[in-house]
Structure formats: structure tokens, C-alpha cells
Amino acid sequence: MPIEISHIERLAQILSRSGVDAIEIEEPGLTLKLVVDTGNRTAASATLAAADAPVTHRSIIAKADVAGQFLAAHPWQDKPFVSPGQRIEDGAMVGLVKVGLLYAPVVAPAAGTIDAVIAETGAMVGYGTPIARIRELN
Numbered sequence: 000m001p002i003e004i005s006h007i008e009r010l011a012q013i014l015s016r017s018g019v020d021a022i023e024i025e026e027p028g029l030t031l032k033l034v035v036d037t038g039n040r041t042a043a044s045a046t047l048a049a050a051d052a053p054v055t056h057r058s059i060i061a062k063a064d065v066a067g068q069f070l071a072a073h074p075w076q077d078k079p080f081v082s083p084g085q086r087i088e089d090g091a092m093v094g095l096v097k098v099g100l101l102y103a104p105v106v107a108p109a110a111g112t113i114d115a116v117i118a119e120t121g122a123m124v125g126y127g128t129p130i131a132r133i134r135e136l137n
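Throughout the sequence shown, residue numbering follows numbering that gives the first Met the number 0, covering 0 to 137 in sequence.
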């Protein structure tokens with residue numbers, strides 16, 4: 000049975016409502032992985048709690064450009080590229096994706112402060128998988 004976009008949209012809605020962060024479905028010749036950015040839920044509830052406070056930032060997501068294994072630190076280093084609370088510049092490296100013998104950088108799309116590293120070290124990530132949430136400063 001072929002998967003239709005309406006099925007994917009329905010699965011995404013179910014994930015979002017249930018609090019499940021990710022689901023991966025594998026069949027011969029087909030792999031589907033859905034990941035819900037739970038940071039938006041946290042940010043939304045924090046915004047509701049402080050509705051009268053002025054908004055001074057927005058969240059930007061650094062995403063993987065390739066599929067492979069996520070690494071928060073260089074293989075020869077113990078210290079991760081970034082950690083929550085760290086200020087970074089636009090284009091700063093926030094992690095690596097290992098593809099075979101190659102390492103592709105994951106870079107920050109904007110300057111700001113690391114709010115959270117979403118991907119877990121060693122996890123398999125796909126194109127567009129959220130890696131880190133950055134609080135962009137106004």
C-alpha cells in the first residue's frame with residue numbers, strides 16, 4: 000500500500016498531540032521517519048505563561064544537510080561543538096554528520112544563543128532533521 004501525503008500529515012498530527020518526539024517506519028524499499036520539534040511546544044507554553052512580557056527573540060533551527068550519524072563533537076575531541084547557553088555566530092559549526100568516511104558540518108543559520116541540542120550523539124539523522132535550536136537575538 001503506497002503512503003500518501005495525507006497519511007503522513009495525519010501521523011504528524013498524532014505525534015504532536017501525543018507528545019511522542021519521533022517515529023520511524025521501515026518496509027522493504029521504504030523508510031519514513033517523522034520528528035516533532037518539541038521545542039515549539041515548550042516555547043509556546045512559556046510564551047503563554049509570560050504573555051505580558053515583550054518577546055525579544057525567536058527560535059531558529061539548525062538542520063542536517065545530509066543523512067548519516069550525528070556527532071556533537073569532533074571524533075578526536077571530548078568537548079561538543081556547542082552547549083546550551085553558548086553564544087554563537089552565523090555559520091558556526093554546531094555538529095557533524097558522519098556519512099561513511101566523510102564528515103559534513105551542521106552550521107548555524109543565524110547568530111544567537113544555543114537553546115538546546117536536539118539530536119542525540121550517535122543518532123541517525125536524515126536531510127532536514129533538527130539538530131540544534133538557536134535563540135536568535137533581536
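FYI, nobody ran anything at the bench for these hints, they're computed from the structure.
Here the structure is a predicted model, which means the values were calculated and not measured.
Backbone N, C-alpha and C fix where the C-beta goes; we use that ideal spot for every residue, glycine too.
It is possible that some hints are incorrect.
What the hints assert, rightly or not - Calculated pairs, BS3-like style, for lysine-lysine (alpha carbon to alpha carbon, straight line, at most 27 Å):
no.: 1; residue 1: Lys97; residue 2: Lys78
no.: 2; residue 1: Lys62; residue 2: Lys78
no.: 3; residue 1: Lys32; residue 2: Lys97
no.: 4; residue 1: Lys32; residue 2: Lys62
no.: 5; residue 1: Lys62; residue 2: Lys97
As the list claims (entries may be wrong) - Derived CB-CB ranges, DEER-like:
no.: 6; residue 1: Gly90; residue 2: Glu119; range: 22 to 32 Å
no.: 7; residue 1: Leu100; residue 2: His6; range: 20 to 30 Å
no.: 8; residue 1: Pro83; residue 2: Glu26; range: 29 to 39 Å
no.: 9; residue 1: Ala122; residue 2: Lys78; range: 27 to 37 Å
no.: 10; residue 1: Leu29; residue 2: Val98; range: 40 to 50 Å
no.: 11; residue 1: Ala72; residue 2: Glu3; range: 18 to 28 Å
no.: 12; residue 1: Glu88; residue 2: Ile22; range: 14 to 24 Å
no.: 13; residue 1: Pro104; residue 2: Pro83; range: 15 to 25 Å
no.: 14; residue 1: Asp64; residue 2: Thr30; range: 15 to 25 Å
Task: Violated constraints from the hint list, given by number and in increasing order - done: Those not satisfied are hints 7, 9, 10, 11 and 12.
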